[in-house]
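Quick mapping for you: the protein sequence lines, in order, are chains A and B. One gets our numbering by counting positions in the first sequence from 1 and adding 559 to each. One gets our numbering by counting positions in the second sequence from 1 and adding 977 to each.
It should be emphasised that the hints constitute simulated quantities derived from the structure, not laboratory data. Hints are not guaranteed to be accurate.
Said to hold, decoys possible - Each pair of labels, with its calculated beta carbon distance range:
#1 Ser979(A) with Trp1519(B): 50 to 58 Å
#2 Glu951(A) with Asn1251(B): 35 to 43 Å
#3 Asp914(A) with Asn1138(B): 24 to 32 Å
#4 Pro1042(B) with Glu951(A): 15 to 23 Å
#5 Arg1113(B) with Pro718(A): 51 to 59 Å
#6 Arg1263(B) with Lys890(A): 36 to 44 Å
#7 Asn1138(B) with Lys711(A): 39 to 47 Å
#8 Lys711(A) with Arg1223(B): 33 to 41 Å
#9 Arg1113(B) with Asp927(A): 25 to 33 Å
#10 Ser979(A) with Arg1113(B): 34 to 42 Å
#11 Gly1053(B) with Ser979(A): 24 to 32 Å
#12 Met1531(B) with Ser980(A): 30 to 38 Å
We put the beta carbon where it would ideally sit given N, CA and C, even for glycine.
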Amino acid sequence: MSITKSAALVNYAEQAKPARLTKALESLAILNERFVTYDSARHLKYSPWAQALNAANLHITVREDEISAAAGAYQEVAEHLAANLSWPPEAISIRTQGSVSTKTLIRSPMGGEKFDIDAVCEVDISRVQAANPMEFFGSVGRALVELEAQAKRRCWNIPFPRQPFYLEFTPSVPLDNVPTQTLASMAPRYRASRYEKTALAVVDTPTQSWKTSNPAGMSQWVDDTSKRPLIRVMKMEAYAMDEARASVSPVPDQTVEITDTLRVAIRLFKRHRDMCVRRNIIESSTKPISIIIVTLLTTCYEGLADLNRSFEHPVELLVELAAFMPHLVLKLDGKYRVDNPTVEGENFAEKWNDDEGERHRAFMTWCDALSADLKTILALTEPQEISKRVREVFGIPAPSSDGNGLPSIQIPAPKATPASSGLA
Amino acid sequence: MGLDLTFLCSRFPALQPSPISREPGVTCYQLLLPHLPQERAFKWAELRVPKGFPEHGKAFVQLSPDAVLNVPHLDGAGVLCIKGDPGLGPGYTAEERILLLLHAYLEQFLKPWVNGDLDGDFEAEALNYWAIEVMRARSNTNPVRAIWTVDPPPLKARLRNGLLLIPNRIIIAADEQLRITNRVVQSMGQSATQRVKVLIADIPISHAFTPTTWPRTTSDLERILKGRLPSAELLRLQSSHSRRGRDIHRVALLRSPDVAFAYLLPGGPPTVLNVDRGKKTFPPLRKPLPLMTSRIDPDWTVGRDQHPEVQARQAKHILVLGAGALGSPSIDHLAKAGVGRISVVDADTMSSANIGRHLLGADSVGKTKVDAIAQRINSGYPATVVIPHAMTTAEWLKKNTLADVDAVLDLTGEPDVRAQLDRARLSHPCPLLIGWMEPYVAAAHVCVLPSGQRWLQGAQDPMSGLEAVVWPSEVIRQEPGCSSRFQSYTAAAAAHAVALVAECALEMIDSTAGSLDPTVRSWVRGQHFLDKHWPGLLHKEWALSAREHDGLTMIRQFP
Chain A
560 MSITKSAALV NYAEQAKPAR LTKALESLAI LNERFVTYDS ARHLKYSPWA QALNAANLHI
620 TVREDEISAA AGAYQEVAEH LAANLSWPPE AISIRTQGSV STKTLIRSPM GGEKFDIDAV
680 CEVDISRVQA ANPMEFFGSV GRALVELEAQ AKRRCWNIPF PRQPFYLEFT PSVPLDNVPT
740 QTLASMAPRY RASRYEKTAL AVVDTPTQSW KTSNPAGMSQ WVDDTSKRPL IRVMKMEAYA
800 MDEARASVSP VPDQTVEITD TLRVAIRLFK RHRDMCVRRN IIESSTKPIS IIIVTLLTTC
860 YEGLADLNRS FEHPVELLVE LAAFMPHLVL KLDGKYRVDN PTVEGENFAE KWNDDEGERH
920 RAFMTWCDAL SADLKTILAL TEPQEISKRV REVFGIPAPS SDGNGLPSIQ IPAPKATPAS
980 SGLA
Chain B
978 MGLDLTFLCS RFPALQPSPI SREPGVTCYQ LLLPHLPQER AFKWAELRVP KGFPEHGKAF
1038 VQLSPDAVLN VPHLDGAGVL CIKGDPGLGP GYTAEERILL LLHAYLEQFL KPWVNGDLDG
1098 DFEAEALNYW AIEVMRARSN TNPVRAIWTV DPPPLKARLR NGLLLIPNRI IIAADEQLRI
1158 TNRVVQSMGQ SATQRVKVLI ADIPISHAFT PTTWPRTTSD LERILKGRLP SAELLRLQSS
1218 HSRRGRDIHR VALLRSPDVA FAYLLPGGPP TVLNVDRGKK TFPPLRKPLP LMTSRIDPDW
1278 TVGRDQHPEV QARQAKHILV LGAGALGSPS IDHLAKAGVG RISVVDADTM SSANIGRHLL
1338 GADSVGKTKV DAIAQRINSG YPATVVIPHA MTTAEWLKKN TLADVDAVLD LTGEPDVRAQ
1398 LDRARLSHPC PLLIGWMEPY VAAAHVCVLP SGQRWLQGAQ DPMSGLEAVV WPSEVIRQEP
1458 GCSSRFQSYT AAAAAHAVAL VAECALEMID STAGSLDPTV RSWVRGQHFL DKHWPGLLHK
1518 EWALSAREHD GLTMIRQFP
């Protein structure tokens, strides 16, 4: 029987990775015993961890309403493009990509920092125009000059000084706009993939050439995969809750949290990576990029689903995803590979192959730290300690309340201009 | 005096009127706390009024010890660092001052803390909190007291050798291959009689550590070392021993250009310290010891990172002729400005008559001036090395050339020296500065000449023609023998001349080839100053514009 690529990767990784952590820890063995009588309610044993991780997930997630506030910004960009370029407005379409479209956008550990909204601008231009990628990239930049756009490797960065976000704006053309010959040279092994309809070509400015990309396919893949069931007990949830209510009393919180486990894993793991950078365990310049984390986790999730694996609870799955991750990076012909599964010819780990192994080492260091931290969290049993440790690990500040409700004091009127201090 | 607590409590009911006895010299009043989320809670807050208040001291708010390093803006004792009690100056009553303090406690601290608005504040003053962490861990018997760095952070994490200096227990985070290391060690004298090799993991960081992110345990530190050091270097750090096979001290130095954190790693050799009348041996540490660091690199000591020209100055070799009242303080300024190498030529010995206006003092009387200056600068300014030459300029020029000299400062005031220099610069052209003072420092002049521009104009020395005051013959122009009387001047009056020389010299040293114009810069005192020193003195015509002023700086083209 043929198996999928993701399933093959998971199969391979299973041989390399250690045994399931949730089966090995003493803390969980004790809980297993406590909950053993209520087989259908066994998922409740994870609830302190689920609650703590859920709280962390809620803190780091940039809410939908905050993101939708950025919609006006795309509109502004679209208007600039339409006004300044000769392309017909209907040939230009702008949509989010990256973590916004996969719904995995997170806050930076320093609250004041802007979040990064990635957008792709797809322009349906003629094949003749598409022959020169740099000209295309440059004309988009020139149209955005009033917005102070700065060129980066494949996108234009628009600062939006008065907004809580900045926009990374990637000009692209549909893949079939690119002349056939060029197409053959950029992805010699190009063939139909699952998400080929949305495949694009973007400009890689250092090489002055087209590169394949598929942001819409990527978010579709994450979305499709995240819906696949991996949690066994979920189907029993209603029953379990009734059972629990009747026989285990009191039950602190009966909702099963972090059920959107793939996205929760992506967000929490990205945050953990950001904290590793803050702790100076890895460097910002060589940290694993988000798209690699997304690809590896989604591949893993998909492979587990393809292999019909199941888990008792999202926490169990989360820990497994962390354990699998370092074993999912392929090394073929001496080159690291994290392929974009939605388009041929895009290796997200391209830079890993010419940096003397620095990025790979940073990735492995981070994976080790993540697994070790999750292990210390699972080894705790007291809900308060679990919550404290989760906060520490993911850099979540203590919960706040409304300090403005506290009383005020009326202060005496100022008496005199205070003396200034001289320079000594 | 007694505070009107009834009034204060009516304005701020959380204040409890009965004092708590905690420590002598201060009266404490509890401030009831609102319900705080568990992670934001601390045991207590108190208004504290020092003895003698309101005439002496300021009132403050102190939080319980559990809040230190958990709540920002607290010092090591838990005192809240806010702009609260304005003190006696602005004229408030004692009660008003307390109200202002309590208002600040509420608005600057309690409300924003509860709202979560202070959560990012640890990072802004990271080193203050680090100092608290270091103080908590410190003991008199620690093997190391602090780390001094002498160069910028590396681009990539690396292992390097360092020196533990004994008896002062400072580690220099570099070995003798860097010249500055030797200068720093030399400057410590008796406090650094023994050097012990240590191993340092020098790791660049891009984020300042805060109490929530700095490593707390050996395994936290190992995580960073493992993540950042190349594997071969990590292995060397883990298995390092001295040549005699003993354990050696190992340091993790985590630094950016702005902040640095260091730990002495557990293990290492035992520490032998002088206690009472004998020596005592203390066992190696079992956990990492947090340490403060100081930067001794020239960019910091010279210019607090705000003078990019320091790097170029470090590579310069300047020859200074004359180490008298003008030369010696000018050398001091050049060293403070980060000039890397200064050769000083002067045959004189320090005498008691020099004390009033020389860089050196009575402790140097009887020593050759250049040796005493070299000793002083070399021990005080690690960015500079002064090479003394106790001889005349003529002797120096016999033994040396100007080939490796970037610029010359002639501060001797001697016509012979100027003539000798003109000849020497024919074979090895280099920029020249000539600085001199007129009697009483009624004027001072600095002439800057680019390479290739001669001083002598034919056989003529242009110096007296450049001067600002018409001097009667009674005023002695040249310093005669030591036994003679000489128009004295204060070091304060000479400081203007020194500043003029030092600024012009630095401009000359910083200038690029071809950018230097031959100029004379003059400091000329006004008529009032002249009249105070000698009756009937007059300015020369070119200097007349200084008459009305206390003093004036003027720039002219070199004729």
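Numbers of unmet hints, in rising order: Of the numbered hints, 1, 5 and 8 do not hold.
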